[in-house]
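Asks: Residue numbers (my numbering), protein chains in the order written: chain A, 3 to 298; chain B, 317 to 482.
Honestly, the hints are just simulated from the structure, not real lab data.
Please note: incorrect hints may appear among the correct ones.
Unchecked claim - Chain A stretches covered by chain B per the calculated footprint, using a threshold of three residues with CB under 8 Å from any CB of chain B:
1. 24-33
2. 121-132
3. 180-191
4. 214-224
5. 242-252
From the three backbone atoms N, C-alpha and C, an ideal C-beta is built for every residue, glycine too.
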Amino acid sequence: MKDRKWIALSAVALAVLVMMNLPDATSQRVKGAVRDGISPLQAALRGGVREMQDIFRYMRGWRDLALENRALTEEIVYLRGEMRMARDLERNNQMLRELLGFVRRSPNRLVSCEVIGRDSTGWWQTIRLDQGAHSGVMDERAVITADGLVGRTVAVSARTADALLLSDPTCKVAVRLSRSGVFGVMSGVGAKPGEQPVARIDFLLKDADVQEGDEIVTSGLGGLFPKGLLVGHVRNVEPDEAGLYQTAWLNSAADLGRLEYAFVVATEQDLEQAVMEDSSVDMGLVDGRAAEGETP
Amino acid sequence: MTLLVMIFWILAGATLQVVIPAWQHMGQPAFPFLLAGVLYVAVNKKPVYFVLTALLSGLLEDSLSLVPLGYSACAFLVAGWLAWRLRHDFHMRRAHMVMGLGAICAAASTGTLALLLRLQGSVMLSRNECLLRMAGAAVLAAVLAPVWFWLIRGMERLLGTWEDRA
Chain A
3 MKDRKWIALS AVALAVLVMM NLPDATSQRV KGAVRDGISP LQAALRGGVR
53 EMQDIFRYMR GWRDLALENR ALTEEIVYLR GEMRMARDLE RNNQMLRELL
103 GFVRRSPNRL VSCEVIGRDS TGWWQTIRLD QGAHSGVMDE RAVITADGLV
153 GRTVAVSART ADALLLSDPT CKVAVRLSRS GVFGVMSGVG AKPGEQPVAR
203 IDFLLKDADV QEGDEIVTSG LGGLFPKGLL VGHVRNVEPD EAGLYQTAWL
253 NSAADLGRLE YAFVVATEQD LEQAVMEDSS VDMGLVDGRA AEGETP
Chain B
317 MTLLVMIFWI LAGATLQVVI PAWQHMGQPA FPFLLAGVLY VAVNKKPVYF
367 VLTALLSGLL EDSLSLVPLG YSACAFLVAG WLAWRLRHDF HMRRAHMVMG
417 LGAICAAAST GTLALLLRLQ GSVMLSRNEC LLRMAGAAVL AAVLAPVWFW
467 LIRGMERLLG TWEDRA
């Protein structure tokens, strides 16, 4: 009886040890398969929660609907006019580019994704996206929203991808201050998104021109993030203890606590690879201008 | 049938754990739905079921996060073993006893995982941060474990798979 107990214990220990020491590729494949398996459940639950939120939002705001409708109609009229002007400008732009023999430098495209979950352990600050390698999402790609940079993809399976948020301490981004042109490396501080600074830039020279409210954009150095993506704004600046450097604390432009949709910046090669892997899948590309043109 | 019930609650726990964001206080611990399921099985079922639940839950938790494969299973086994050892010291019909057991085991599980992740080098928490996170996980488990136990027991009674071992 005692022997059987020891055999069982050894078997369990062996199983755990094998799991912990699987080769990286095998481990990623197992994790990817499990994640893809459970993602429809997550998406369904997330969809249900969103429906409920919409219903409550509608119930709370039904009185204002008439006013909102009127405002939206006015906005549509205005935007249609703007769109016509933008089309003309784009045509002119295209014509001038052709005249100058200008080659498009940014072959990036956006893959639209829905946020279906967050890190299930709380050890990292990540979000789960409902598009993966089959849609052209690859590892180490920038993830953005209409408001600005959100993070980068870190683990991609066939149908899902995890994105590490800017607020995670392991997320580093090469940035530049728009106003003064000062360069730096931003890292997350793991704080509560939306209320406190989510990131900081260390080792800025003590006489570097940094002010509260300064806009921070990606510098494009390092090649991971496209140049010029809005990251956030300086919340406050502090000198370090030795007085040699200063640290800028930032708020992200995108609300990292309330992400529902995001876009992954994919390259042409990513999309071609995805098509080669599975030519029948829906690509999930963004409609309209973003899909046709370059990244913002 | 027990196995099916177990799998149902593991899937439910994993899905909820991903959809509900981590608590933004006390070191940002996640709601321990999967751990609560492991503890329930550890105190109410045969050890073989508990080991299977811990391994399956660990596999799911690791797959749904950046934790390397096998680490969460290890943490769940430690927590489940603790619950199994303490099952006679805690009266499982009383909510405050389940709260206490949940808190102790969640702290042990978080501590084990923090140690493993530190050894692996992917998360470097200071001792104070680790203690804060263990306390946070204990608070969440104390709140969640009685509810989760009650729900699983209710389903088991409905299906006729519940056996009183307490």
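Asks: Check each numbered hint from earlier against the structure, then list the numbers of those it violates in ascending order.
Replies: 3, 4, 5
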